[in-house]
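Respectively, the protein sequence lines represent chains W and R.
For the first sequence, the working numbering begins at 1 and goes up steadily by one.
For the second sequence, the working numbering begins at 230 and goes up steadily by one.
Treat the hints as calculated values from the structure; they're not laboratory data.
What you are looking at is a predicted structure, and each value in this text was computed from that prediction instead of being measured.
All C-beta atoms in this analysis are idealised placements derived from N, C-alpha and C, irrespective of residue type, glycine included.
Calculated from the model, a selection of chain W residues having no Cβ within reach of chain R, i.e. all distances over 10 Å:
(1) Arg92
(2) Arg186
(3) Lys201
(4) Ser214
(5) Ala219
DSS-like cross-link-like pairs, simulated, lysine-lysine; straight-line CA separation at most 30 Å:
(6) R/Lys437 with R/Lys231
(7) R/Lys343 with W/Lys40
(8) R/Lys343 with W/Lys101
(9) W/Lys4 with R/Lys231
(10) R/Lys622 with W/Lys101
(11) R/Lys437 with R/Lys584
(12) R/Lys622 with W/Lys103
(13) W/Lys103 with W/Lys126
(14) W/Lys139 with W/Lys126
(15) W/Lys4 with R/Lys448
(16) R/Lys314 with R/Lys437
(17) R/Lys314 with R/Lys584
(18) W/Lys139 with W/Lys103
(19) W/Lys103 with R/Lys343
(20) R/Lys314 with R/Lys231
(21) W/Lys126 with R/Lys343
(22) R/Lys437 with W/Lys4
(23) R/Lys584 with R/Lys231
(24) W/Lys101 with W/Lys139
(25) R/Lys343 with R/Lys622
(26) R/Lys622 with W/Lys139
(27) W/Lys126 with R/Lys622
Now for the letters of each chain:
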Amino acid sequence: MLTKSQARLFFIGGTAFFSLIFVMLTVDTLRQIPERQNTKAMTASVVRGKTIWDDRNCMGCHTILGEGAYYAPELTLVVNRRGPEWIRIFLRDPQAMYPGKRKMIQYDFSEEQITDVIAFLDWIGKIDTNGFPPEPDLKPQVALAKASVAAVSDRPAYFDSVCTACHAVAGQGGTFGPALDGVATRIDPVALDTWLADPQKVKPGTAMPNLELSDELRAELVAWLSTLE
Amino acid sequence: MKFRSQRVAYLFFATSLLLFSLQIVFGFIMGFAHMGYDVLHDVIPFNAARTSHLNLLVFWLLSGFMGAAYYIVPEEADRELHSEKLAVIQWAGLVIVGVTAIIGFQFEWWEGRKFLEIPRPLDYLVVVDVLLFLYVVGRTALGAERFTTTGSVLLVGLTAAALLYLPGMITFESQVMDSYFRWWVVHLWVEGVWELIMGGILSFLLIKLTGVDRELIEKWLYVIVGFTFLSGILGTGHHYYYIGAPEYWLLVGGIFSALEPLAFLGMALYAVTMARRGGMNHPNRIALFWTVGCGIMSFVGAGFLGFAHTLPQVNLWTHGTIITAMHGHMAFWGAYAMLVLAMISYAMPNMTGRKLFSGWAPEWAFWISNVGMIGMTGAFAVAGIAQVYMERKIGMDFLAVQEAVEVHFAGVVLAACLLTVGIGMFIWNFVQYGLPNDEAVGQGG
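Let the hints inform the model, and build the full structure from the sequences given.
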């Protein structure tokens, strides 16, 4: 069983060991930082910009490199995102840009001070941050989902309520039956009409049920399906 | 209380509760601003409210730790404090620096560095004040015939906390370097040496409240604080993922942050096991509530919720979002706020000789404030997760997302009202105890 002096040894030894590793990693980090932060690009303007950043406590609302408060936008890549001209106009009168929205303090910066702040933010944006902030990874999928909904929005209401239980179009719908994208290129309208009138007669044993569609509805579905090329 | 000079702790505890109340007020200002009602924008803009909120927290916790030390050290050293007068001077110094800092923040007298906003001239006063504090408790301990493990761990923690304040006073031209060393203070405090202070205070409370053998409690104290440093020192790496430091911090920080919950799990098991072993029959049940609650909530808030967002794969998306506020609130509450409230609950009846711990008010104060804090954490979590998906993963505009999550801040504010009621009841109970009483000197407890 562990004795008290062994426990103390574990505490002191562990602390000493991991402190030593921490100091060694720090030495190596300090060696690498000049290149990773691009020290050569740290002009006098950049340094003045940091002073303004600190004096105004910008971190009290914004985050930079992900650090600060969560009341105002992340600014690591702001120069890249907005461009220097936009930032200059914004800083001249922050409340004019988004009237009635969340307010930034009007600091009455001089043009030189604005130049320094932009220089600082520009330098920040070029630090090697190991990929922060990341590109929004769901953005393409959201865009795709929106597009496909628009493309098939004119389909018959019956298709949406019944057919989609088993069939998908543009990635939306069930998977029990085959997807119907491009069905018009595989089956001509007459064959589609015959099939829908009585699937079992065309292909005995098929899982597709006889939906006993009216002639009118069948015509509507065939007309629409024939547009899926 | 055993010794007359322990009563000086009262000043620190009263200060703690006063500053805590003020912290809550600034919290409400921020909560309303997030809901879209930034009505005080021209008087107290968000960055002033935020800086005041954070620094009041640090001040009231430190005041609580100092009060705890002034109460604990004489008992562990078995003698009066080296000088009660110096302790009172030190308290006055702390109050003056604190009040000056909070007022200064309203006039932009600050350094815009999260958690370390106190301007440099006041930093030097903090150092002088803390040195005076360490002198008083240190002399008390060194002059004793014997000094316990509990007392030593507490003092080592306090001394290390003072030393680690210094890297925060170096001026850097580079944001990267500034950030790197700022975490030496902030991280190595809250996930390092403050846990020593926490371990020391918990150990003292458990010894007093459970009656379990001191040797056993102190042995496990070493194991727990051992785990703290084993994980916490290299765990600093989770602050170095994306600030311009080398890529290996993703690996180092990821692994050791994942181990950090172990120390807090240790604290939780420690408190629960010792309390059960002692039979939970100490008359001051409410102090035991806060003590065991502190162990458990520190594991949930600091350990589990910390783990949940320090993995590099998760943190890449959650870094710098409301998720951080979610974790931060329950972590500080569980590990440190509840600890100070536990210490106050234990010490007040002993200092005043009045046993006001058995009424309904202190018990309801415990439950209501905890339910309030859990509610706040939940609301922050919903807002944070929504923000991460909309802003970070889908790429929606920042302001559009903030408007979408405004409703969850109504949840934060409602839950904060509960917390406020609980803390109000706690303070009411504190006031009813009255001042320390000489008749209580020499009584056990």
